[in-house]
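Engineer: Each chain is listed here by its residues.
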Amino acid sequence: MNIETTSDRLPCLGYGLGLRVEHYESLLDEPGNVEWLEIVSENYMIPGGRPLAWLEKFRERFPLVMHGVSMSIGSTDSLDDGYLARLSALARRVEPAWISDHLCWTGVQGINLHDLMPLPYTEEALAHVVDRVRRVQDVLGRRILLENVSSYIRFADAQLTEWQFLAAVAERADCLILLDINNIHVSAHNHGFSPLDYLDGIPASRVQQFHLAGHESSGQLLIDTHDAPIIDDVWHLYVEAVRRYGRVSTMIERDDRMPPLAELLVELDYARSLATPLLREAA
Amino acid sequence: MSHLQALQQRMLQAVLADQSPQLREIDDDVCANAASRLAIYRNGYRLRLRDALATEFPGLGILIGRRFRTLLDSYVEAHPSGHYNIRWHGAGLAAFLEYGLPWRDKPELADMARLDWAISTSFDAADEPVLAAADLAEVPADAWANLRISPQSHLQIISTHHNIEAFRRAADRDGKRPRLRRYDKGRHLLVWRQSLTVHYRSIEVDEISALTGAIKGEPFSALCERICEHHDAADALPLTANLLHGWLASGLISSWRLN
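Here the protein sequences come in this chain order: H and V. Mapping the first sequence onto the working numbering, position 10 (from 1) lands on 10, and the numbers just tick up by one. Mapping the second sequence onto the working numbering, position 197 (from 1) lands on 197, and the numbers just tick up by one.
Heads up, a few of these hints could be off.
To be verified - Partner residues are not named here, just some residues of chain V that face chain H (Cβ under 8 Å, in silico):
no. : residue
1   : Ser-2
2   : Leu-49
3   : Ser-81
4   : Arg-193
These are computed hints drawn from the structure, not numbers from a lab. Heads up, the beta-carbon is just placed ideally off N, CA and C, and yes, glycines get one too.
Whenever a hint applies, use it, and build me the whole structure from the sequences.
Structural biologist: Pasting the structure below:
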């Protein structure tokens, strides 16, 4: 397995956190070993006020990346020019190391479901997404990262596996990949595939970032809630991912039931302690 | 229509529908059937919108109490979300409460929603310069009649017959529900942001008139005339000057110009 950082990727930022309102003050007062922050783009695509004032403070202290939830790259509606214009404006203000969103669709016919809806893994959907990623990258003037989503349904007419689809989008559109390790675990459980097959199917040269998060069980299915501590199975999968892809910017993504910052810093240090010996071995 | 387009439209309708339809495109397996898998998306849509609305309308939550969830669910069912930012689904709630049954029978609900929404939209309105009293020292004494001041463009005035501000205050502080009071005469509330903090307070009709004049770009002399309509002519100048002083102290004015 190749554990070296490849030249296609952007520089690694180390270990970071998703920036959340609950941690604004503590992150500025005692940032611990946080090396970078990921902001939710839509929270700052606003005219002014307190959120942008806070953002300036963090911009002075940390490298930032932008992570969106509403690009709807897989939708059959037209790309939202207004959305992309606001995203571009925010990028000019933030100067992020990179911009990411999800490999999904969030609405159609002008209606937004505010969810990361899975795509059918077909050649038709692949061509559709590749075309739209290229157009978005032209507007933003840079490559974007696309993240794998957790899913609960599988389409009968799928021609590709999820990882084949994600890899093909990245190669054909020349974009990068944000791998959410928890989402791989959740979808592998829900659809009965091997998470290691997934990791093996993703080209290392495209993997720019990891998300680590928690989830919950609901009957026979796992639900991606990002509101709980990371479980051992996900940590094990993270180790496998580091073995395959090497030094990749890693962050804890907590969206709900927000614990004190110190709790997330412990998880972040644990991620560092798992990856460091593997990376040292490989050096 | 492409296959993908048709599939997404059927998925959309399945999520929005009252009852989960059968979608032949979705696989069953031993882990869970297609209906229960689809239900995760159906429930998630409603839950996310309800939570987002509850965050934007805390005063309404205190005012209506246990029926808050029913109210929000009825709005979500009647109005699918159209904005990429989930928070903006709240833009239509006050109108829904004003015209929709059974909510329209309680006009305080729509008024409350208007106040909550005005506070929410002021929170991240565009930053504008704030004029200080000292800045007006530059205005020559003989030019004051022609002075035109520009209020902050985000300020809003809410009209009501109820003590809705008490409910918002309760939501922001201890959550204790105050007693609902109805006033025979309509009252008005001014909502604005000073620096990064949103404020609201009662505003009387004379001040509304003067502020409206300022928004329209009328000169200071015209603002005095507006005050004259409510007070003795002899008091108009000092009263208008007092109002201006208060507006400046509250960060309500962004700039000035002559003619």
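Engineer: Restraint: V/Leu-49 near chain H, CB-CB cut 8 Å. Satisfied or not?
Structural biologist: Holds, about 7 Å.
Engineer: Was the hint right that V/Ser-81 lines chain H, CB cutoff 8 Å?
Structural biologist: Result: holds, 5 Å to nearest chain H Cβ.
Engineer: Taking the least C-beta to C-beta distance, is V/Arg-193 closer than 8 Å to chain H?
Structural biologist: holds (7 Å)
Engineer: Could you check if V/Ser-2 really has its C-beta closer than 8 Å to a C-beta on chain H?
Structural biologist: With Cβ-Cβ at 7 Å, under 8 Å, it holds.
The structure meets every hint from the earlier list without exception.
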